[in-house]
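Protein sequence lines correspond, in order, to chains E and A. Residue numbering for the first sequence follows the numbering used here, starting at 15 and increasing by one per position. Residue numbering for the second sequence follows the numbering used here, starting at 15 and increasing by one per position.
Bear in mind the hints are in silico, worked out from the structure with no lab data behind them. Some hints here could point you the wrong way.
No distinction is drawn between identical chains; accordingly, a pair holds when it is met within one copy or between any pair of copies.
[Claimed, not checked] Distance condition first, Cα-Cα at most 30 Å in a straight line; then the derived DSSO-like pairs of lysine-lysine:
id : residue 1 : residue 2
1  : K170      : K338
2  : K267      : K182
3  : K147      : K335
4  : K147      : K16
5  : K319      : K225
6  : K318      : K413
7  : K300      : K338
8  : K319      : K413
9  : K335      : K37
10 : K382      : K182
11 : K37       : K267
12 : K396      : K37
13 : K288      : K225
These numbers come from a predicted model, not from an experiment.
Protein chains: 2
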Amino acid sequence: MKNVILLIMDGLGDRPNEIFDNKTALQYSYKPNMDFLAEHGVTGLMSPVSYGIRSGSDTSHLSILGYRPEDYYTGRGPFEAMGLGIDLKPGDIAFRANYASVVNDMVVDRRAGRIRDTNDLSKKLETEINGIKIIMKSGVEHRAALVLRGDNLSDKVSDTDPHGVNSKPLNTSPLDDNAKFTASIINKFLERSRKILNEHKINKDLISNGKLPANEILLRGAGKVPELPDFNIKYNLRAACISGTPLIRGIAKLAGFDIIDVDGMNGRIDTNYKNIINSAMESLNKYNFILINIKGADIGGHDKKPEIKKYAIEETDRALKPFKDVLNNTLIVITGDHSTPCSYGDHSGDPVPILFSTDGIINDDVKKFDELSVSHGYYKIKSDDIIPLILSYSDRSEKYGA
Amino acid sequence: MKNVILLIMDGLGDRPNEIFDNKTALQYSYKPNMDFLAEHGVTGLMSPVSYGIRSGSDTSHLSILGYRPEDYYTGRGPFEAMGLGIDLKPGDIAFRANYASVVNDMVVDRRAGRIRDTNDLSKKLETEINGIKIIMKSGVEHRAALVLRGDNLSDKVSDTDPHGVNSKPLNTSPLDDNAKFTASIINKFLERSRKILNEHKINKDLISNGKLPANEILLRGAGKVPELPDFNIKYNLRAACISGTPLIRGIAKLAGFDIIDVDGMNGRIDTNYKNIINSAMESLNKYNFILINIKGADIGGHDKKPEIKKYAIEETDRALKPFKDVLNNTLIVITGDHSTPCSYGDHSGDPVPILFSTDGIINDDVKKFDELSVSHGYYKIKSDDIIPLILSYSDRSEKYGA
């Protein structure tokens, strides 16, 4: 049985770009190590979740790891809360939250003037009500997440976000009988929050400067943090995750992965690529399945900056050299979780290149790792085909039948 | 509407092998007729059951014939019993059985010293208890299968195999209320068997020669023989099966195929390839769908003998010549039920080449029938896509919609 390294280059897939002579970032980048691995293995195109689906990193990583998003993706609340680094537990109820401005009992700005920093406000709001712990964490600008932790909670409660201005902020309502307790907690929390926010120095300063206060929390997208069957038990593996992105670490943790910290690793373009790969290599003495997520390519895509995407690809490739020396006992899999074309600036439904490289398996005729080259390769698969192929190519599959 | 010949070369898929200059058996073999058929048709890669699944011949043939193994594969008991040539009926309960050695009420060898021949023992054990017919058939060494036939039977009974030594042999227990009758029959059978086995000359001789007796039956993998919807009715065909392998004949028979016997055919490498193909050709006057399974390639794979695999491929190819003359009114389909790479020695999760050849259809650019060549062909499919494509290319599909 072989060890497995699954490297997900976030947002890897691309479309042709004029800046790159109408090539994709992968086509245009210098990446001899990925090409070597493609040449010494099988390749193909992988559609995250399914053909034409514009997957998020959350739904795609769930699907790649064998958790059908239809069954386990419980909405944006839990996954955005994970993305903000809240250490969620199965059963927690999580919401997306906006700081908003209320004047004369009416919502006048759903984004509180895109306030820069609400960390102090969020810290002040954390509390416990009737045995339910309430966790609040700020994101970028007005964005935040709210998490309820405790017994007898339900995610069947309505949004408090009126989804428009010149409306009163809403209280939440239970959508079924089992959600009455949860709704009462949230409404108590909101009432309490209004007082705290209106009296907070930050808001008093904003008002005295003629700006809108962040004096209301609008909640939407309630979801229950899913219980993921343990990846290690399901596939008989010892799995660890290396990622600078809280969302990916959160999903991996829910799936039972150990989380490996790496010096200099972050979810940005200036992460330490070499340390990430070296740390994966060293971890193979303790784990036999390492999931790596490197964020850079996705950032270039979202920012419509092809050079950034190219930089992330080339820096990653440079770090990959050690992979070539362990193919006798290690299966290397490289793909993306979705495409984020620089020409598009967001996730698209395009398939993503994938390679499976290890000694002894068939090498298809593909010698370059990019969208066009691998389209002549062995596979046209979906994300949920990846784990069965990994188990097969790492000699870990049980026979089905006789 | 065209006739159909579906030739399954068991375990056909391969991986590169040093003995073959790092080519697969198909790449290395001389097989002008298969190449001709590939050139005059469409080709592709077919993943048995699904991507990366290490299918057995049982699950794969079920899936190829349109019976989802998730629905119809009821465990190894029934399919191993079929493999031993027991003529099973839907509703029969079948177990995998081991002859084991019990000394002082403890299992000391789960394989009875890998006893060579238990045919006489098995014959002696066959009986009828409370209206239930009990069929016992020996396999290789200590292996056997046990079948219960009659009314009110259930497969929800526990193994009697302690799955280890220095344990007492177990009686079976019903796993639900409906299985009480079945469990009582099995336990009566086991009690009776112990007496017969302990008194049998074979065992007395073994003991007097200082060897372990085969004096206990260990049962595992209970399963009910599935009722397969009739293939002929489902697809409006008259179907027959030609195979030297009892398992394949068993599945085909359950699916309503007629079974054609062929002079000199067996499930070995020295089967009469020419007679098999000629018999299929002659049977086209009576049947319009012929399933052929030829075992040889799989044997070479399991035994890690590339030359054997090559021999089976080349002998099969030589026999195929008549296929080329009937393409005007016959669809020829050639594939494998799974890969059995000689370098691996067992079924792997690799996809298998497939070709569909008949006059008048598109010819893709593929001119050779091997893993790499067909990877550039028309299709990347799974086994359950085969029948719909067969119906389509043989002009037998109903339109779906208008």
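How the hints compare with the structure:
no.: 1; hint: K170 / K338; result: neither (50 Å within a copy, 50 Å between copies)
no.: 2; hint: K267 / K182; result: neither (39 Å within a copy, 43 Å between copies)
no.: 3; hint: K147 / K335; result: neither (47 Å within a copy, 65 Å between copies)
no.: 4; hint: K147 / K16; result: neither (43 Å within a copy, 47 Å between copies)
no.: 5; hint: K319 / K225; result: neither (34 Å within a copy, 77 Å between copies)
no.: 6; hint: K318 / K413; result: between (46 Å within a copy, 18 Å between copies)
no.: 7; hint: K300 / K338; result: within (20 Å within a copy, 57 Å between copies)
no.: 8; hint: K319 / K413; result: between (46 Å within a copy, 21 Å between copies)
no.: 9; hint: K335 / K37; result: both (25 Å within a copy, 27 Å between copies)
no.: 10; hint: K382 / K182; result: neither (57 Å within a copy, 60 Å between copies)
no.: 11; hint: K37 / K267; result: neither (37 Å within a copy, 42 Å between copies)
no.: 12; hint: K396 / K37; result: both (24 Å within a copy, 28 Å between copies)
no.: 13; hint: K288 / K225; result: neither (46 Å within a copy, 62 Å between copies)
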